[in-house]
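J.: Let's have the full structure, built from the sequences with the hints guiding it.
Numbering (our numbering), first residue to last: 1 to 405.
Treat each hint with caution, since some may be false.
[Unchecked claim] Computed cross-link-like contacts, SDA-like style, restricted to lysine to any residue with a CA-CA straight-line distance of at most 25 Å:
1) K258 to T296
2) K147 to Y358
3) K104 to H177
4) K104 to W327
5) K163 to A143
6) K110 to S257
7) K104 to P242
8) K163 to G149
9) K231 to T244
10) K195 to Q229
11) K110 to H264
12) K303 to L398
13) K110 to W327
14) K147 to P160
FYI, nobody ran anything at the bench for these hints, they're computed from the structure.
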Amino acid sequence: MQSSEDEREAPSWLNDEFFLQVIREFTHDSRARLCHGCKLRAGTKPGEHFASVMYRTTIHYRCHQGMEASLDVIMKIKPYQAGLKKDVLEGGDLFLREIHIYSKVLPEMKRRLEEIGETFNYPRLVYAADRPYTILILEDVTAQGWKTGGYLTSLEEVIPAIKSIAKFHAASVVMEHDDTSFAIQHRCDVAEKFKTLDGMLAKSFTDLLDFMRTTEGFEHLIEPVTHQQRKLLANLMQSYAPSTHCLNVLVHGDFHSKNLLHQHTPDGRVMDTMLIDYQICSWTTPAVDLYYLLDTIVDQALKEQHREAMIYLYYEEFRRILAQLGWLGRVSSLQELHMELLRKGAIELFHYVALYPYRFVDRSKIDFEALLSGKASNPAASSPVYRRVMREVLTRFLHQGVMEA
Numbered sequence: 001m002q003s004s005e006d007e008r009e010a011p012s013w014l015n016d017e018f019f020l021q022v023i024r025e026f027t028h029d030s031r032a033r034l035c036h037g038c039k040l041r042a043g044t045k046p047g048e049h050f051a052s053v054m055y056r057t058t059i060h061y062r063c064h065q066g067m068e069a070s071l072d073v074i075m076k077i078k079p080y081q082a083g084l085k086k087d088v089l090e091g092g093d094l095f096l097r098e099i100h101i102y103s104k105v106l107p108e109m110k111r112r113l114e115e116i117g118e119t120f121n122y123p124r125l126v127y128a129a130d131r132p133y134t135i136l137i138l139e140d141v142t143a144q145g146w147k148t149g150g151y152l153t154s155l156e157e158v159i160p161a162i163k164s165i166a167k168f169h170a171a172s173v174v175m176e177h178d179d180t181s182f183a184i185q186h187r188c189d190v191a192e193k194f195k196t197l198d199g200m201l202a203k204s205f206t207d208l209l210d211f212m213r214t215t216e217g218f219e220h221l222i223e224p225v226t227h228q229q230r231k232l233l234a235n236l237m238q239s240y241a242p243s244t245h246c247l248n249v250l251v252h253g254d255f256h257s258k259n260l261l262h263q264h265t266p267d268g269r270v271m272d273t274m275l276i277d278y279q280i281c282s283w284t285t286p287a288v289d290l291y292y293l294l295d296t297i298v299d300q301a302l303k304e305q306h307r308e309a310m311i312y313l314y315y316e317e318f319r320r321i322l323a324q325l326g327w328l329g330r331v332s333s334l335q336e337l338h339m340e341l342l343r344k345g346a347i348e349l350f351h352y353v354a355l356y357p358y359r360f361v362d363r364s365k366i367d368f369e370a371l372l373s374g375k376a377s378n379p380a381a382s383s384p385v386y387r388r389v390m391r392e393v394l395t396r397f398l399h400q401g402v403m404e405a
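T.: Take a look at the structure:
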C-alpha cells in the first residue's frame, strides 16, 4: 500500500521494546513476551487522513500461561515533523480528547445502548499515552470485515450511518443530563481551529469567483459571494457555537466518508457502519454532523433526491433512542431541526466553497498541506457537473438568506 509522505520513516521509538510494553499493559501480564518482531506498515493511503501519522502492525505474543496469540493494531501518532499538519494540531488537545472519548465516553455509550438492546461498534482501545510521545493504539478491525468506502449512492446504504450518528447523539444527551460537567469537558473549541484555515478559504473564494466571472449563469451571484468572502470565516465560527434553539449533542465533528467503516453483504451492499476518528468531538449543535452527512458522505445526486428523507430518518432514530434511554426532557421538533440547519447554513456554504471541488479529483492525489495553506488550484473548474451544482446551491443559499448581506 502506498503511504502518506510523513509515514514513510517511522520514529525510532516505535520498536519491539515499545510493543512489548503495550502488550503487557493490554493483557495485564508483566511476563508476556513477543513471539517475533513487529513489522510496521503504512496506516493509510494518500488522501485518507490528515490529522495524525498512522501505522499498522500485528503483535504476535504469548502470555505467561497460554498459547500464542496475535493482535492487529493501528497506531495514531501526533504529527512530529515540521509542517502545516504539525502547526494545525500544535498546542491543542485533539489527541487527549480522542483518548478520553475512546477510554471513557464510548464504553459508557456502548453500555447504555446495549442495555436497551442496541448495538454500538467502535474499535477497541489497546493503548494510549501522552508522554513522552502522544500515541493512540486501536484494534485494527479490517480483518473483521470493516472497510472504508467512497461516497454512498443509495438511501438504503446510508441508513446505517444515519443510525450510528443518531445513537451517538442520543446517548450523549442522556450522559450530559446525568453529568453536568459533560458539556464543559467537551466544550466546543473547534471554531478556533478555523483560524488556521484562513489561507485555504481565501484561495477557495478566489478560485470560485474567478470561475464565476468567466462562466455564464453566475452573474447574479458574484456580488453576494464576494460579500461572503469577507464574512464566511466569522459566520462559520459562530455556526459551530452551541444552539440556543434545539437540543445540543456531542457531535463527531469530522463525520465524513473517510471516517466511516462499513460491513457489506455478500453482494457488496453496506449493511452496517462504524464511526472512527473522534479527535474533534464537541458539545454543540447537531447541525454540524448533519451537514457532514449531507455534504461529505453521500453522492450529490442522492442528496438532491433524498435530503429531507435523510434528515427525517435521523430525527426519528434520534427521538426513538432517546425515548428508549428514558429521556424525559423535551425533544426538539423536526421543524425546529430544519430551522436550526438554516440558521447554521454557513457550515454548508463552507463545504461547497472549500471542499466540494475536491470531489472532482482522485483523493489520493490531494496535497493536504497545499490545500490547507491555500496553494492548491480548483480541480473542478472544467466540470459541467460542478458548474450546475454550484449555480444551483449558491442560488439556494441566496434565496434562503444564507448569503444575506
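J.: Could you tell me which of the numbered hints above are not met by this structure, giving the numbers in increasing order?
T.: Going through the list in order, the structure violates no hint and respects every one.
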